[in-house]
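Enquirer: Chains H, R and A supply the protein sequences, listed in that same order. FYI, my numbering numbers position 14 of the first sequence as 14, with every residue one higher than the one before it. FYI, my numbering numbers position 71 of the second sequence as 71, with every residue one higher than the one before it. FYI, my numbering numbers position 312 of the third sequence as 312, with every residue one higher than the one before it.
Everything labelled a hint here was simulated from the structure, so no lab data went into it. The beta-carbon is built from N, C-alpha and C at its ideal position, and this holds for glycine as well. Misleading hints may appear alongside valid ones.
30 angstroms max Cα-Cα, derived DSBU-like pairs, lysine-lysine [as the list claims (entries may be wrong)]:
#, chain 1, residue 1, chain 2, residue 2
1, R, 445, H, 179
2, R, 445, H, 67
3, R, 435, H, 179
4, H, 94, H, 179
5, H, 210, R, 50
Sample of chain H residues at the chain R side, in silico, Cβ under 7 angstroms [said to hold, decoys possible]:
#, residue
6, 115
7, 116
8, 120
9, 121
10, 126
11, 131
12, 134
Sample of chain H residues lacking proximity to chain R, with all beta carbon distances greater than 10 angstroms (derived) [to be verified]:
#, residue
13, 2
14, 9
15, 18
16, 21
17, 22
18, 29
19, 38
20, 69
21, 125
22, 132
23, 210
24, 236
25, 260
26, 261
27, 262
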Amino acid sequence: MPPILAAIVVIGGAGVACALLLAIAARYLHVFEDPRVEAITNLLPGANCGGCGYAGCADYARAIVEKGAPVNLCRPCAAAALLEIARLMGVEAKPAEKMVAIVRCNGDAVRSRRAALYHGVADCVAADFTSGGGKICREGCLGYGNCARVCPVGAIVFTESLLAVVSPERCIGCGLCVKACPRHLIRLVPASHTIHLLCSNRERGLVTRKACSVGCIACQKCIKHVNGQGIHMEGYLAVVDYTVPLPESLLDVCPQHCFVRRGLPAPPPQPAAPSAP
Amino acid sequence: MKVLRAPFQVRGTIHPHYHKGVTAGRPIETLPPPTIVQVPMLQHLGAPSKPIVNKGDKVGVGQLIAEAGGPISASAHSPVSGTVRAITEGVAATGRPTLVIEIENDGLNTPASPLQPKPEWSSQEPSTLIGLVAAAGIVGMGGAGFPTHVKINPPPAKRIDTLIINGAECEPYLTADHRLMIERPEAIWEGIRILRHILRGPHIRLAIEDNKPDAIRAMEKVMASADDDVALVVLPTAYPMGAEKQLIAALLGREVPSGGLPSDVGALVENVATCAAVFEAVVQGHPLTRRVVTVTGSLVRRPANVLAPIGARFSDLIEFCGGLQETGGKLICGGPMMGVAQVDASTPVGKTVSGILALSRQDVAVYETHACIACGRCVRACPMSLLPCTISVAVEAGQFEETERLAVMDCIECGCCAYVCPAHRPMVQFMRQGKAQIQAIRRLKQQQNPPVPRSP
Amino acid sequence: MTIPYSDDRPWILSPSPHVHEGSSVRGLMREVLIALVPAVAVAVFRNGLDAVRLIFVCVSVAVLGEAAARFAMRRTLSVQDLSAAVTGLLLALNLPPGLPSWMAALGSLVAVVIAKQVFGGLGYNIFNPALVGRVVLLISFPVAMTTWAPPDAVTTATPLAAWKTAWAAGAPPPAFADIYPLRDLFLGLRNGGLGSLGEVSEAALLLGGLYLLARRVIGWEIPFLFIGTVALLASLFYALDPARNLPPLTHLATGGLFLGAFFMATDYVTSPVTRPGQMLFAIGCGVITFIIRRFGGYPEGVSFAILIMNGAAPLLDRLTIPRPYGHRRRTSS
Numbered sequence: 001m002p003p004i005l006a007a008i009v010v011i012g013g014a015g016v017a018c019a020l021l022l023a024i025a026a027r028y029l030h031v032f033e034d035p036r037v038e039a040i041t042n043l044l045p046g047a048n049c050g051g052c053g054y055a056g057c058a059d060y061a062r063a064i065v066e067k068g069a070p071v072n073l074c075r076p077c078a079a080a081a082l083l084e085i086a087r088l089m090g091v092e093a094k095p096a097e098k099m100v101a102i103v104r105c106n107g108d109a110v111r112s113r114r115a116a117l118y119h120g121v122a123d124c125v126a127a128d129f130t131s132g133g134g135k136i137c138r139e140g141c142l143g144y145g146n147c148a149r150v151c152p153v154g155a156i157v158f159t160e161s162l163l164a165v166v167s168p169e170r171c172i173g174c175g176l177c178v179k180a181c182p183r184h185l186i187r188l189v190p191a192s193h194t195i196h197l198l199c200s201n202r203e204r205g206l207v208t209r210k211a212c213s214v215g216c217i218a219c220q221k222c223i224k225h226v227n228g229q230g231i232h233m234e235g236y237l238a239v240v241d242y243t244v245p246l247p248e249s250l251l252d253v254c255p256q257h258c259f260v261r262r263g264l265p266a267p268p269p270q271p272a273a274p275s276a277p
Numbered sequence: 001m002k003v004l005r006a007p008f009q010v011r012g013t014i015h016p017h018y019h020k021g022v023t024a025g026r027p028i029e030t031l032p033p034p035t036i037v038q039v040p041m042l043q044h045l046g047a048p049s050k051p052i053v054n055k056g057d058k059v060g061v062g063q064l065i066a067e068a069g070g071p072i073s074a075s076a077h078s079p080v081s082g083t084v085r086a087i088t089e090g091v092a093a094t095g096r097p098t099l100v101i102e103i104e105n106d107g108l109n110t111p112a113s114p115l116q117p118k119p120e121w122s123s124q125e126p127s128t129l130i131g132l133v134a135a136a137g138i139v140g141m142g143g144a145g146f147p148t149h150v151k152i153n154p155p156p157a158k159r160i161d162t163l164i165i166n167g168a169e170c171e172p173y174l175t176a177d178h179r180l181m182i183e184r185p186e187a188i189w190e191g192i193r194i195l196r197h198i199l200r201g202p203h204i205r206l207a208i209e210d211n212k213p214d215a216i217r218a219m220e221k222v223m224a225s226a227d228d229d230v231a232l233v234v235l236p237t238a239y240p241m242g243a244e245k246q247l248i249a250a251l252l253g254r255e256v257p258s259g260g261l262p263s264d265v266g267a268l269v270e271n272v273a274t275c276a277a278v279f280e281a282v283v284q285g286h287p288l289t290r291r292v293v294t295v296t297g298s299l300v301r302r303p304a305n306v307l308a309p310i311g312a313r314f315s316d317l318i319e320f321c322g323g324l325q326e327t328g329g330k331l332i333c334g335g336p337m338m339g340v341a342q343v344d345a346s347t348p349v350g351k352t353v354s355g356i357l358a359l360s361r362q363d364v365a366v367y368e369t370h371a372c373i374a375c376g377r378c379v380r381a382c383p384m385s386l387l388p389c390t391i392s393v394a395v396e397a398g399q400f401e402e403t404e405r406l407a408v409m410d411c412i413e414c415g416c417c418a419y420v421c422p423a424h425r426p427m428v429q430f431m432r433q434g435k436a437q438i439q440a441i442r443r444l445k446q447q448q449n450p451p452v453p454r455s456p
Numbered sequence: 001m002t003i004p005y006s007d008d009r010p011w012i013l014s015p016s017p018h019v020h021e022g023s024s025v026r027g028l029m030r031e032v033l034i035a036l037v038p039a040v041a042v043a044v045f046r047n048g049l050d051a052v053r054l055i056f057v058c059v060s061v062a063v064l065g066e067a068a069a070r071f072a073m074r075r076t077l078s079v080q081d082l083s084a085a086v087t088g089l090l091l092a093l094n095l096p097p098g099l100p101s102w103m104a105a106l107g108s109l110v111a112v113v114i115a116k117q118v119f120g121g122l123g124y125n126i127f128n129p130a131l132v133g134r135v136v137l138l139i140s141f142p143v144a145m146t147t148w149a150p151p152d153a154v155t156t157a158t159p160l161a162a163w164k165t166a167w168a169a170g171a172p173p174p175a176f177a178d179i180y181p182l183r184d185l186f187l188g189l190r191n192g193g194l195g196s197l198g199e200v201s202e203a204a205l206l207l208g209g210l211y212l213l214a215r216r217v218i219g220w221e222i223p224f225l226f227i228g229t230v231a232l233l234a235s236l237f238y239a240l241d242p243a244r245n246l247p248p249l250t251h252l253a254t255g256g257l258f259l260g261a262f263f264m265a266t267d268y269v270t271s272p273v274t275r276p277g278q279m280l281f282a283i284g285c286g287v288i289t290f291i292i293r294r295f296g297g298y299p300e301g302v303s304f305a306i307l308i309m310n311g312a313a314p315l316l317d318r319l320t321i322p323r324p325y326g327h328r329r330r331t332s333s
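Isolated chain H, as found in the complex:
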């Protein structure tokens, strides 16, 4: 037999033999997997952000089916998908309100000055450790982008003037940025609330004013304006508790311009939840 024919026969035969082996294995060595695992994996957003606490969407799906994990741990999950997952598992679930992240600081390098030239690794944790990166306000955003780097959908921008800003349209509410910030500036808030107070400095008013031109000086005008509904004082800092939506007029009331409008328009009304079978 000519050598090339022999080669074809040998290689081809080996291929056929392997295919037969695979077919036999597929039939007799098959591992049973609940088909719901794959179905739920496909329903989940697929961002593999880890916000649910599991290692990716497939892992969470497996946990739901095999370990009975709660079905509503995935915050970015679309309402319709969540209802379908609940139906597959035979439980009730109410879609949670969409949450987005907000960086509670508006002090970029122009508004909140630095006193020293920071030369070092451009990392917020490293800068915070090195005398606060030279920024006078020890509780404000350093702007080196640790949060932006962990965001799985690229929703955080850190501007040229060294401030992190979350884009609510892209944010899926997974919460990874919350853990990344060394100054704990990021918080997950309901997406329907669009008026925010961007300051986290708890120093007295005079000290804050020296550090930043948009910092909270504890004058309490905002609290008086809303009659204490939705804002309260924590020491020398006014804090929004997101229980009631705040009025837009706050943007002009605050003398330091701490309030900003950021956020999505109100979402469409939710479909009714199915009852348990």
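Starting from the known structure of chain H, arrange chains R and A on it as the hints suggest.
Expert: Just chains R and A now, kept in the frame of chain H:
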């Protein structure tokens, strides 16, 4: 009393330019106490001190104004007499925010005598003397600031057979300990003897680098009549010869186990200035309220070794030394290898501040994140025999478990690796990042798997 | 935008240490270029315009190629660290004088773009770029890469090639020592000048190598153990069978051994970082070089030996992690 050369080799080490000639020959000058002092509550390792005075209180020189905040902490005393102006937020020399007690000096120097000195210390019980050291607020003045009364009171299981006195002063530019050894050798020697009595008679080894021959002669003279248990060891000049672990290895040939303390190998290390402070407290009844600080660097008009009260601000000392030729370089607390860069000159002098360096922009090194070229110089220089290059690459890649396997937790942050790196990588910052991440991972693991209590 | 500060001339805030020895990548590369001056001088002296042409082509293509690659990959410019120039020069010194310029340019491009920039640039490459370029040329254009024609040589075969062809035919080449006297081999004169541009004069290379050692750019471990291993193995085989083996000094004085040992194997990025690792690396290079020379199909084995050991360098690093102070064993549990 014997004079020896260091018997053992130390791994790694570098030989930087020392620049000590500027201040090594200048006698210590006393800073006139400034109008305002800010005594920091965190000027030592451990819990911050707790203020026991209030705004408006009148205090005297040496009066106790803050007590220890925990078992590992230290008390603080007023260096001047006057009125407490405020208890406010300030910044420690390490850059961390801390409470400070601000006192306005009335210039009267009214003394307050909180301590009962024991000049006849050799007949006292060690516990009495340890109490005196604690009441004086003495901490390790070589830079770490570990509360001395805790250090000289090790658990009975850990017997100390050698007391090592650190006169090495291996950091470039600094000459505070050098001048102290030349000008007050008797105080240091008596402090050493007091410590020996407290520790129940260990061998004494005073270690001095060979770039300080005058200090060696001065201490030799004062210790000449000591018995054979005492030795003066001349160290080869290298950085970081004066680091605790390296000193123990060079003098005794023993290695402090990873995660352990010098007492685990029967050794205890104290700085010469700490010994002088022990003398002042035990024999003269003075608490720790002042220390020698070397003010130097290319920007300082008249570099000097300044005896300054605790709480004086950097700006006070710099003004005393003729001021700065220009700003905009680097202001460092400590030496150029391990010192902390300051944001401005309003930082108060704490018990561990041994030097103030004002370097011009040209003298300062700039580090950038270039890729590691694997030249291996850092491996040769590391006194702890780590692989700094490999660790830094792992930190950049986010592989923190790998850095733990490479023993990053043993890094003493001496800076030798960064000093020699041709790619100018910020090596020490990578090490710190690695250590911080590993500690965070360990904390998380502890939270998720709390230790299970044994069944009764 | 420029960041505004609260002070006109703010203090610099950065972590310790605040001083530096003063070395730099550019400085180190400059020392290597200086150390290569004797070898370049011999090359130009012996081969005239050919040497100038090849060196010019290789260095300029390397530098421009790296700049173009960094630009295309949207990375910062890196040619100022002189490493591309060094790669270009080392490649040129590894080429035969008669090589067409376009082949040299191709080799240079492969070295800098494929063997270096594609991996991520300086520090990320696994294999020595100049050697990758040379080996690619050798395999792609074997005839052009093994044609030697120095002006005053009588034969056209390098000592190693001559010996290998004759020995393959069954007998050591006649009058070998007369055609290739040791002194000529060491200095690169007459028949000893057969070989690539930079490898012929071991004397010039030794001068450069000693300069690098004195300036502490390289350590003694790699060059001496590499050459020493080859010398040891050559002596052993020569002692066992003088008829069929070259004398050890001839082994040392021919081929790319000195160029490889002092300038190629000592490349930081592609060799181990630990001292014991470097020693094992050098010994490995020596063993493989000798095996290829004595038993392999190619007359010269230095390039392949170094490339093979480059691949093993990370493993050697792992095997030779030093024992940290205060630990009982080399790696923590």
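Enquirer: It remains to establish, for every hint, whether it holds in the given structure.
Expert: Verification of the hints:
1. R:445 x H:179: This hinted pair holds, its Cα atoms lying about 16 angstroms apart.
2. R:445 x H:67: holds, 22 angstroms
3. R:435 x H:179: holds, 18 angstroms
4. H:94 x H:179: Judged against 30 angstroms, a Cα distance of about 26 angstroms means the pair holds.
5. H:210 x R:50: holds, 28 angstroms
6. 115: holds, 5 angstroms
7. 116: The hint holds - residue 116 of chain H has a Cβ within 7 angstroms of chain R, the shortest such distance being about 4 angstroms.
8. 120: holds, 6 angstroms
9. 121: Nearest chain R Cβ about 5 angstroms off; hint holds.
10. 126: holds, 6 angstroms
11. 131: holds, 3 angstroms
12. 134: holds, 6 angstroms
13. 2: holds, 53 angstroms
14. 9: Fine: 49 angstroms to the nearest Cβ keeps residue 9 of chain H off the interface.
15. 18: holds, 37 angstroms
16. 21: Holds, since 38 angstroms exceeds 10 angstroms.
17. 22: holds, 36 angstroms
18. 29: About 34 angstroms separates residue 29 of chain H from the closest Cβ of chain R, which puts it past 10 angstroms; holds.
19. 38: Residue 38 of chain H is indeed farther than 10 angstroms from all Cβ atoms of chain R, at 29 angstroms.
20. 69: Holds: least Cβ distance 17 angstroms, greater than 10 angstroms.
21. 125: violated, 7 angstroms
22. 132: violated, 7 angstroms
23. 210: About 13 angstroms separates residue 210 of chain H from the closest Cβ of chain R, which puts it past 10 angstroms; holds.
24. 236: holds, 12 angstroms
25. 260: Holds, because the least Cβ-Cβ distance between residue 260 of chain H and chain R comes to about 28 angstroms, which exceeds 10 angstroms.
26. 261: Given a closest Cβ separation of 33 angstroms, the condition holds.
27. 262: holds, 30 angstroms
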